Amino acid sequence: MLRLIARRIALGVLVALTVMTLAFLLTRLSGDLAVSIAGPQATQADVEIVRKAYGLDRPLYVQFFAWTGRAMVGDFGQSYFFKDSVANLIQKRLPITVTLGLVGLSLALIVSLPLGILAALRENTWIDRSVTLFTMVGQAVPSFWLALILMIVLGLQLGILPISGTGTWQHFVMPGIVLAFTAIPALTRLTRSGMIEAMASDYIRTARAKGLSRARIIFKHALRNAAIPVVSIAAVQLGFMLGGSIVIETVFALHGVGYLGWESIAKNDFPVVQAVVLVLAVFYIGLTLLADILNALLDPRLRTG
Amino acid sequence: MSALLEVEELQVSFGGRTAAVRGASFRVEKGETHCLVGESGCGKSVTALAVMSLLARGGQRSAKRMRFAGTDLMSLSDREMVRLRGNRIAMIFQEPMTSLNPAFTIGSQMAEVMTRHKGGTRAAALDRAAELMGRVGITAPGMRLGQFPHQLSGGLRQRVMIAMALMCDPELLIADEPTTALDVTVQAQILRLLAGLKRELGLSILLITHDLGIVARVADHVSVMYAGEVVERAPTAELFRAPQHPYTRGLLSCVPVPGRVQRDRPLGSIPGVVPAIGPGFAGCAFRSRCAHADETCTRTIPRRRAANAHDYLCRLEPDWAELQPA
Numbered sequence: 000m001l002r003l004i005a006r007r008i009a010l011g012v013l014v015a016l017t018v019m020t021l022a023f024l025l026t027r028l029s030g031d032l033a034v035s036i037a038g039p040q041a042t043q044a045d046v047e048i049v050r051k052a053y054g055l056d057r058p059l060y061v062q063f064f065a066w067t068g069r070a071m072v073g074d075f076g077q078s079y080f081f082k083d084s085v086a087n088l089i090q091k092r093l094p095i096t097v098t099l100g101l102v103g104l105s106l107a108l109i110v111s112l113p114l115g116i117l118a119a120l121r122e123n124t125w126i127d128r129s130v131t132l133f134t135m136v137g138q139a140v141p142s143f144w145l146a147l148i149l150m151i152v153l154g155l156q157l158g159i160l161p162i163s164g165t166g167t168w169q170h171f172v173m174p175g176i177v178l179a180f181t182a183i184p185a186l187t188r189l190t191r192s193g194m195i196e197a198m199a200s201d202y203i204r205t206a207r208a209k210g211l212s213r214a215r216i217i218f219k220h221a222l223r224n225a226a227i228p229v230v231s232i233a234a235v236q237l238g239f240m241l242g243g244s245i246v247i248e249t250v251f252a253l254h255g256v257g258y259l260g261w262e263s264i265a266k267n268d269f270p271v272v273q274a275v276v277l278v279l280a281v282f283y284i285g286l287t288l289l290a291d292i293l294n295a296l297l298d299p300r301l302r303t304g
Numbered sequence: 000m001s002a003l004l005e006v007e008e009l010q011v012s013f014g015g016r017t018a019a020v021r022g023a024s025f026r027v028e029k030g031e032t033h034c035l036v037g038e039s040g041c042g043k044s045v046t047a048l049a050v051m052s053l054l055a056r057g058g059q060r061s062a063k064r065m066r067f068a069g070t071d072l073m074s075l076s077d078r079e080m081v082r083l084r085g086n087r088i089a090m091i092f093q094e095p096m097t098s099l100n101p102a103f104t105i106g107s108q109m110a111e112v113m114t115r116h117k118g119g120t121r122a123a124a125l126d127r128a129a130e131l132m133g134r135v136g137i138t139a140p141g142m143r144l145g146q147f148p149h150q151l152s153g154g155l156r157q158r159v160m161i162a163m164a165l166m167c168d169p170e171l172l173i174a175d176e177p178t179t180a181l182d183v184t185v186q187a188q189i190l191r192l193l194a195g196l197k198r199e200l201g202l203s204i205l206l207i208t209h210d211l212g213i214v215a216r217v218a219d220h221v222s223v224m225y226a227g228e229v230v231e232r233a234p235t236a237e238l239f240r241a242p243q244h245p246y247t248r249g250l251l252s253c254v255p256v257p258g259r260v261q262r263d264r265p266l267g268s269i270p271g272v273v274p275a276i277g278p279g280f281a282g283c284a285f286r287s288r289c290a291h292a293d294e295t296c297t298r299t300i301p302r303r304r305a306a307n308a309h310d311y312l313c314r315l316e317p318d319w320a321e322l323q324p325a
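Protein sequence lines, in the order shown, are assigned to chains A and B. 0 is the number of the first residue of the first sequence in numbering that gives the first Met the number 0; add one for each residue after it. 0 is the number of the first residue of the second sequence in numbering that gives the first Met the number 0; add one for each residue after it.
If you're looking for bench data, these hints aren't it; they were derived computationally from the structure. Careful, some of the hints might be misleading.
One side only, chain A facing chain B, incomplete, derived with CB under 10 Å [claimed, not checked]: (1) 200; (2) 201; (3) 205; (4) 206; (5) 210; (6) 215; (7) 224; (8) 227; (9) 297.
Take a look, some chain A residues computed to stay more than 10 Å from chain B by CB distance [stated by the list, open to error]: (10) 39; (11) 44; (12) 66; (13) 161; (14) 232; (15) 292.
Away from chain A, derived, C-beta distances all over 12 Å, residues of chain B [stated by the list, open to error]: (16) 40; (17) 107; (18) 164; (19) 185; (20) 323.
This one's a predicted model, so the numbers in the text were calculated from it and none came from an experiment. Where a beta carbon is used, it is the ideal one built from N, C-alpha and C, also for glycine.
Looking at chain B on its own, in the form it has when it is part of the complex (with noise of 0.2 Å):
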């Protein structure tokens, strides 16, 4: 398999001083989805807008490679980027509610994209949106093309957000968050929605999110982040079954997952909070929070190989028994 994105030692830091992403590397297969998680201020958002250019004032990025179906995304010029951008690759973000421009109406915002990438003419832009609305689930199109965002709820909204991001057909679409701000039914309808894009559009998608109930349910692949560092990569099913990096297993035992929870015994916590890192640290960035942390930690920490497609950065040697296929 080819990764559609490739994003290898990937740097962020803000004014020289916060060091945002520190090192991440994934790849994001075609047709898959693939799932970044971790706690909030581990530099999931930031890895995200690092890809799309998008980074805020003061930003600075810079990697070893990051590459786009096959075109490195790092050479490329501003003007090659914003024709990427929301044509190629599209991203809906967490705040459906925001999200939108409160002036225009629907039709005016979803139809944009097409006209300013594919040209065309304004009419065709809004056919083609209507007809996206209704993909993803909108009843009476035409009528919501003509209104403005604050007649919508927000998981209207954050369906209009899907259809706009859809509009040019992307290979990649990048969602930050995208269930955070709605209440669960809700969230479940997107997701479900989410699934089925992939799976009829062929489309990949970058899934950002720090709810591993919602890993669990749509990832491929995953990648846990944790101060800017991709700490452990895995499929899926592998990840929940056989965790090998300390702040994985902390994360997993703090949710309920079935088959791996007694139902007896307390969920767990992991003491502490992500510290903030600045240039120059050395080592690996959890040992503050872990419990099998020793000196060793403050060295450079080892990318160890656990099983085909699976590793993570820790000293500690992979736990072969659980790695075993059940």
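Excised from the complex, chain A in its bound form (with noise of 0.2 Å):
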């Protein structure tokens, strides 16, 4: 268990490893940055300063090195829009944007898997057709079509919730609901799969023999077994989620890291730009880790790997 915890974290450090490099270097791709810092109006002497006041007249080897070497120390520079280091900006977005991906994936488990246990139970009856048609409008709605409706709907119609900004609680519950739906297709048919897969197999002819409660044979049984594919795809989906929530903050003015990395391409404020990118790719990298001990734990079989 250990050892396959080892593997995991070494694994995952060159994973974030490679994530640092490409945004380095996609940053780069996107132009000469000396120019488009020093603005449209910036005469060639401007463009000149501004490129040596940043460091970009150096070789793109020793900046690179220059920014892993004071990244790995939390150091991340100075936003060149924002007058902040960027540590300090994404350390007062990132509560936001976690708490936006916790009620997103809580309200999106909260709903599949009800939904995947019951549309399995129930597997080719209406109730299971009618889930499965919802899964696939859910797929097919894009987010901020979502959005807006919600928008318009509890925020503007009903007023039941604010319709931007950050300050309460309520704040969260839209943006939460529209990210949930980004996840809650995909987990559903996975627990409903997962479940009419495990309803089917010889463990739970046994333990039907074994005359065990109808409740503790779907809930211990089965579904126990169905959860693993389940937790490995919540944790990619939590992922996506931090990504989708880049357009979801932006809708709903959410102040977290998403609108950070969308103002800052916007500006070409690139430390910004690269530091977004590799706290997204940690979080990615972590939540994958998660997923693998959570189902190490699930799975006896997975332990010895």
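Hints given; two lone chains; assemble the complex.
This is the structure in structure tokens:
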């Protein structure tokens, strides 16, 4: 078990390093950074001053190692636009994105687990077909459209939820719902197919032959096995959610990391862009690691790996 | 002798189309091993699942009579049936590799049967589990309790299944092809184990198999099933000595039985396959494969009595010469 975790962590560090390199290179590929920082009205001389001031005249590998070296100790440099350190900016914005992600994932699990189980137990009935239809529609609805519809109905017509901003917990309800909807279809279908497979298995026949209660058969014996793929996918979905939060935070003007990333890309604030990409990547890696550990706890066959 | 399990005219159909069991009747006496034998697809497993009330969705059962220890199984509610399963009637299956839940330890899966039906603490149930594992010949039961199914071999898993079935001291053990998936040496060990349990615990066993070798070794009584019917019932020795139904004769000619088969004569075979039987089928289901078939075989077939506790379903008269005690 410990060996498994150690291996996964080592792998995660490698992935993080790769992402750092890519983030660094991609920002450089987007054009001459000195030109875009100096602005459209700048003269050639201004651009050269900017280039020197930001250290962009140094060879690429020097810039890269200087950045990675400082990033290792949590120093991501200064934002060009916000007049604050990148580390500070992210620290302020991160709790908002994490809250949004957790609200979204919790809502997604609260909806998709019962729906998936219900559909599996009522396979090929109208209940099952309604659930499948719901997941298909859910898959097809773009999140920004759903966000706007919710704003109109819940925010403007019924007036029960604020439509933008970060002030209170109510501000997280609508973005949470929209974010949850990006994961609900996949998680529901996965729960459904996992439960159908588990309920048809030999060990469930054994559990029934043992005279166990229906609740114990479903929630202990079947769900435990059906949950294994759900956990893996839920972690990946939460990763997608963090990415999706860029759209949702922008629509709802939630000042999280996603919104920060969007702003800094628009303003060519590349130290912030690099750091946001890295933070999201580290999150993703952490989630995958967590999913692996959870899966090893759920499925003893994975523990020896 | 009073029957522990009495099944009369059991019918099972799926979705009203396929008739899987068509009026099967047999009795399992207390303390005996009763074999249900037949080719695959003849309705043996479905019969067992119908007794347990564990038919897959869409399965419909009806019976003139189905009694277990004097209780009418047909009139039991689901709740009452659940209380019998794993408690007074236990069942083990053909596939030891997949019949245990991969996500839980052996100990937890064994203990839950006991705490479910008999109450008591988990610790007490684990003690009982360890004791029974020793009883079925598993060494180091304490260590095995903490292991997961994937850490055990097929033979060990089937022993675990048997030990788990014994947790509540059942009166009847239904074993559905318990050795089919195991290799021959392990097969022999498991059969010896079952025979020992029957002797020492007074357990009644309903053993389902397609293997006449197994029947010859462990059965007291045999019911031969064909296309959802019990076509012949007899004490084991008599069935092997004087089979009356052409199907039983055919089956026996397919396997080498000491004293019945001559060394230089080839083994027989039954031509064709078990036909699919729809509703409204009348007459003998074996007639399309039978050398003795004539037009009377399309009519209702009488059950003929060949001897005490020996009857069969055929238009042919018993062969009295063969039936004389040797």
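The hints, checked one at a time:
Here the hint on residue 200(A) is kept, as its CB sits about 7 Å from the closest CB of chain B, short of 10 Å. The beta carbon of residue 201(A) comes within 4 Å of a beta carbon in chain B, closer than 10 Å, and the hint placing it at the interface holds. Because the smallest distance between the Cβ of residue 205(A) and any Cβ of chain B comes to about 5 Å, under 10 Å, the interface hint for this residue holds. This hint holds: residue 206(A) has a C-beta 7 Å from the nearest C-beta of chain B, less than the 10 Å allowed.
The closest approach between the C-beta of residue 210(A) and any C-beta of chain B is roughly 4 Å, which is under the 10 Å cut-off, so the hint is satisfied. Residue-level restraint check for residue 215(A) holds (minimum Cβ-Cβ distance to chain B is 8 Å; threshold 10 Å). Taking 10 Å as the C-beta contact cut-off toward chain B, the hint placing residue 224(A) at the interface holds, the least distance being around 6 Å. Using the Cβ-Cβ criterion of 10 Å, the hint placing residue 227(A) at the interface with chain B is satisfied: the shortest such distance is roughly 8 Å.
Interface restraint check for residue 297(A): the shortest CB-CB distance to chain B comes to about 6 Å, inside 10 Å, so the restraint holds. At roughly 62 Å from the closest C-beta of chain B, the C-beta of residue 39(A) stays outside 10 Å, upholding its exclusion from the interface. With a cut of 10 Å on Cβ distances, residue 44(A) stays outside the contact zone with chain B, its closest approach being about 70 Å. The Cβ of residue 66(A) sits about 46 Å from the closest Cβ of chain B, beyond the 10 Å cut-off, so the non-interface label holds.
Every CB of chain B lies more than 10 Å from the CB of residue 161(A), the least distance being 44 Å, so the non-interface label holds. Residue-level check passed: residue 232(A) sits 18 Å from the nearest beta carbon of chain B, beyond 10 Å. In this structure residue 292(A) is separated from chain B by more than 10 Å, as the shortest Cβ-Cβ distance comes to about 16 Å. Distance check on residue 40(B): its Cβ is at least 19 Å (rounded) from any Cβ of chain A, clearing the 12 Å threshold; non-interface status holds.
With a closest Cβ-Cβ approach of about 10 Å to chain A, residue 107(B) is found to fall inside the 12 Å limit, against its non-interface label. At the 12 Å boundary, the C-beta of residue 164(B) falls inside the reach of chain A, the nearest C-beta of that chain being 8 Å off. With a least beta-carbon separation of about 19 Å from chain A, residue 185(B) lies farther than 12 Å from that chain, consistent with its non-interface assignment. Look at residue 323(B): its CB is around 43 Å from the nearest CB on chain A, clear of 12 Å, so calling it non-interface holds up.
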